[in-house]
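2 protein chains.
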Amino acid sequence: MAMTVPPKPPHGLAGIGKESLPTPSLIVDEECLNSNIKRMADFFADGKARLRPHAKSHKCSALALRQLEAGAIGVTVATIEEAEAMVAGGIRDILIANLVVNEFWVKRLLGLAAKSDVKVAVDSVQNACQLSRATQGTGTTVGVLVEVNVGMNRCGVDPGEPACDLAQLVSSLPGLQFRGLMGYEGHAVGIEDRRARAKQCERSMDLLTSTAELARSRGLSVEIVSGGGTGTYDTTGRYPGITEVQAGSYALMDLQYRRVTSDFRCALRILATVLSRPTRHRAVIDAGLKSMSTEFGLPEVCNQEGVVLDDLSEEHGILRVGEGHPLAPGDLVELLPSHSCTTVALHPILYVLGASQVVEVWEVDGRTIDPCMSNGSIGPSCA
Amino acid sequence: MAMTVPPKPPHGLAGIGKESLPTPSLIVDEECLNSNIKRMADFFADGKARLRPHAKSHKCSALALRQLEAGAIGVTVATIEEAEAMVAGGIRDILIANLVVNEFWVKRLLGLAAKSDVKVAVDSVQNACQLSRATQGTGTTVGVLVEVNVGMNRCGVDPGEPACDLAQLVSSLPGLQFRGLMGYEGHAVGIEDRRARAKQCERSMDLLTSTAELARSRGLSVEIVSGGGTGTYDTTGRYPGITEVQAGSYALMDLQYRRVTSDFRCALRILATVLSRPTRHRAVIDAGLKSMSTEFGLPEVCNQEGVVLDDLSEEHGILRVGEGHPLAPGDLVELLPSHSCTTVALHPILYVLGASQVVEVWEVDGRTIDPCMSNGSIGPSCA
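Here the protein sequences come in this chain order: Y and R.
Here the numbering used here is used: the first residue of the first sequence is 1, the next is one more, and so on.
Here the numbering used here is used: the first residue of the second sequence is 384, the next is one more, and so on.
Any given hint could turn out to be false.
[Unchecked claim] BS3-like mimics (lysine-lysine), calculated; alpha carbons at most 27 Å apart, straight line:
hint	chain 1	residue 1	chain 2	residue 2
1	Y	Lys18	R	Lys490
2	R	Lys401	Y	Lys8
3	R	Lys582	R	Lys391
4	R	Lys431	R	Lys421
5	Y	Lys48	Y	Lys199
6	R	Lys401	Y	Lys107
7	Y	Lys8	Y	Lys48
8	Y	Lys8	Y	Lys18
9	R	Lys421	R	Lys401
10	R	Lys391	R	Lys401
11	R	Lys582	Y	Lys107
12	Y	Lys107	Y	Lys199
The hints are simulated quantities; they were obtained by calculation from the structure and are not laboratory data.
All values derive from a computational prediction rather than experimental measurement.
Assemble the whole structure, with the sequences as input and the hints as a guide.
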């Protein structure tokens with residue numbers, strides 16, 4: 001489902017060694033990334049369910065294209081900006097697994113719908129009517145999934161009758177095309193015990209698939225039933241009635257998900273430079289809160305034995321250094337992020353590393369930018 | 384110290400009302416911002432010390448220019464990217480209150496030094512020699528402040544003899560010009576009790592100024608002695624021997640600093656749209672961890688009585704809504720950030736609001752971007 005887009009000229013930093021990169025920056029181990037992508041693709045190779053990876057984790061159309069090449073049917077995104085970047089990158093089959101209510105972004109959603117197969121989540125009568133009204137006079141149809149609350153208690157309409165009532169309304173509104181249901185078991189994906197996680201996930205998927213059955217019994221065509229994350233892909237991907245899985249973190253991985261599953265390896269690292277070695281036991285790096293997120297805990301140093309990240313300020317990381325460790329200004333320190341999704345959102349570029357050099361420089365093109373610039377191409381688009 | 388740069392064409396979103404803005408986004412109350420800038424400028428009007436506001440808090444050259452117009456002598460920054468944006472915005476007098484060790488950024492520092500009066504901090508013999516070597520053959524001189532550890536225990540050489548030894552080395556190295564000392568009392572700025580804060584700050588400033596005296600007694604010219612933050616501007620700005628104050632957060636303010644000082648008002652808000660109202664007591668907005676930082680606690684809803692921010696996920700904020708509150712999809716929610724510096728770093732734009740509309744659209748031009756694009760202008764600059 002990828003269109004051809006003209007190739008970009010090579011980036012000024014392609015081909016250089018890791019030690020010549022600016023820091024702080026994000027590096028991706030290509031071998032590790034490819035193996036994660038392949039492992040997930042292999043799981044879905046039998047076609048029982050299909051994989052639509054969530055691009056909120058990497059916000060990068062170049063990475064998404066690798067996922068599609070391996071067999072993914074399209075991408076899932078959380079924002080219009082991410083969707084625009086994916087479409088500019090040549091991907092046409094997009095699920096916005098989020099509600100779009102802000103009027104500015106509703107207009108942009110219609111722009112996307114005109115040139116791609118975009119589906120958006122809806123969980124209220126009000127939002128459904130708003131989207132329908134917005135299509136009037138545009139000749140555009142927007143695909144809609146009804147978001148069902150499968151136990152996470154964030155957004156979503158209640159499963160069963162309430163969800164079917166909304167689906168029926170969506171089906172009847174001009175400019176909207178009802179495509180199916182989605183439900184995200186965000187309360188299950190992080191449970192460390194594999195069995196407990198699967199059990200919680202199954203309860204959610206039962207709510208979702210039984211709602212789909214009810215909708216079909218009312219004569220609605222439920223083409224897509226979408227759920228799942230990296231912690232639950234193996235449950236959702238085999239659950240009868242689930243057609244698509246939204247897992248995203250598996251490609252880059254992080255410490256949080258490493259506690260949950262050993263199926264994938266950490267491909268993403270924060271690259272930092274030692275700025276200062278003020279005492280025997282303290283060193284300071286040039287990466288802090290503006291380069292790595294901490295809501296799931298501190299990142300971990302992974303390339304220096306006996307060196308521990310102790311604290312972060314805005315532009316600094318404070319390291320506790322073991323007795324006699326030679327760490328000195330200029331040395332490179334690599335850290336595993338605790339949460340890759342929010343860490344990637346802090347960076348403009350992913351430097352993809354082969355055995356000894358940067359083999360790809362990927363723009364994090366789904367990143368939030370001036371909304372009057374289109375993601376994926378520079379040029380005003382405020383109308 | 385501001386040069387003339389050609390005016391930009393008006394932004395596509397200038398002149399619109401708040402309700403037409405994309406969300407999540409950052410809005411700045413112009414009256415409040417101006418009053419904060421004026422209040423700080425008034426404090427420094429007697430010239431006892433001078434104000435060099437820290438731009439890491441706003442990363443915005445347009446905002447920095449307002450601070451300069453009100454009397455600030457230049458800007459303080461934390462990164463080369465911020466410095467480049469300020470220079471592109473027309474500001475020539477720059478203090479990088481941070482160590483620059485990464486070789487990629489050292490090269491860019493020399494580019495800056497060639498076209499502006501840039502000063503950088505140094506805290507090690509190794510870094511001093513590195514910078515000196517880098518200037519060789521460039522014909523460029525880099526101004527250097529020796530960073531002194533005044534009790535924060537992050538970077539910085541010890542006060543007294545060790546700092547003076549390094550200052551003497553810097554003075555002797557080709558390509559470097561020793562300009563003075565800096566020390567940041569980061570362990571003092573957030574102490575809520577005014578007296579305890581002032582006392583802790585005075586201890587730090589004593590270490591810094593006595594080191595400056597010692598350096599002068601060794602025949603060194605100590606032009607700049609720089610310290611201070613928003614919590615301590617009134618102590619550092621009157622402390623004998625301190626020549627410059629680096630306060631930055633005062634312009635935009637946040638919840639953390641509101642607990643410390645009532646001298647300034649919160650000018651910055653996160654603007655969000657209600658996406659969903661799934662239950663009587665829960666609503667969900669379109670702003671989450673990717674739009675606001677949480678290391679100093681959760682932001683606070685400030686425009687809706689009886690509505691409390693309870694939790695954040697990546698793109699969502701969960702609100703607890705009082706009984707009977709009519710909050711509905713499409714409504715605007717405004718939140719005060721707990722930490723403006725790390726919150727601004729998540730956004731590309733500051734929308735400056737007058738009484739009823741957007742009066743300025745300011746690019747957060749010191750934000751981290753593709754390092755092969757210059758901040759402040761689009762165009763490759765990797766050599």
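### Query
When you check the alpha-carbon spacing of Lys401/R and Lys107/Y, does it fall within 27 Å?
holds (16 Å)
### Query
Is the straight-line distance between the alpha-carbon of Lys582/R and that of Lys107/Y 27 Å or less?
violated (55 Å)
### Task
Below or equal to 27 Å on CA atoms is what counts here, so check Lys431/R against Lys421/R.
Holds - the C-alpha atoms of Lys421/R and Lys431/R are around 17 Å apart, at most 27 Å.
### Task
With a cut-off of 27 Å on the C-alpha distance, tell me whether Lys582/R and Lys391/R pass.
violated (46 Å)
### Task
Measure nothing beyond the straight line between the CA atoms of Lys18/Y and Lys490/R; if it is 27 Å or shorter, mark the hint as holding.
Given pair Lys18/Y, Lys490/R holds - Cα atoms ~16 Å apart, limit 27 Å.
### Query
Between Lys8/Y and Lys48/Y, is the straight-line Cα distance small enough, at 27 Å or below?
Cα-Cα ~36 Å, so violated.
### Message
For Lys421/R and Lys401/R, compute the direct alpha-carbon distance and say whether it is at most 27 Å.
### Response
holds (25 Å)
### Query
Hey, Lys391/R versus Lys401/R, does the alpha-carbon distance stay inside 27 Å?
Holds: Lys391/R and Lys401/R sit about 22 Å apart, inside 27 Å.
### Message
Holds or violated: Lys8/Y and Lys18/Y, Cα atoms, limit 27 Å.
### Response
Given that 27 Å is the threshold and the Cα spacing comes to 22 Å, the pair holds.
### Message
Check whether the Cα positions of Lys401/R and Lys8/Y lie no farther apart than 27 Å.
### Response
Judged against 27 Å, a Cα distance of about 37 Å means the pair is violated.
### Message
Run the distance test for Lys48/Y versus Lys199/Y: straight-line Cα separation, threshold 27 Å.
### Response
holds (20 Å)
### Message
Checking one constraint from the list: CA of Lys107/Y to CA of Lys199/Y, max 27 Å. Satisfied?
### Response
Status violated; Cα separation ~40 Å.
Comparing the model with each earlier hint shows violations of hints 2, 3, 7, 11 and 12; every other hint is respected.
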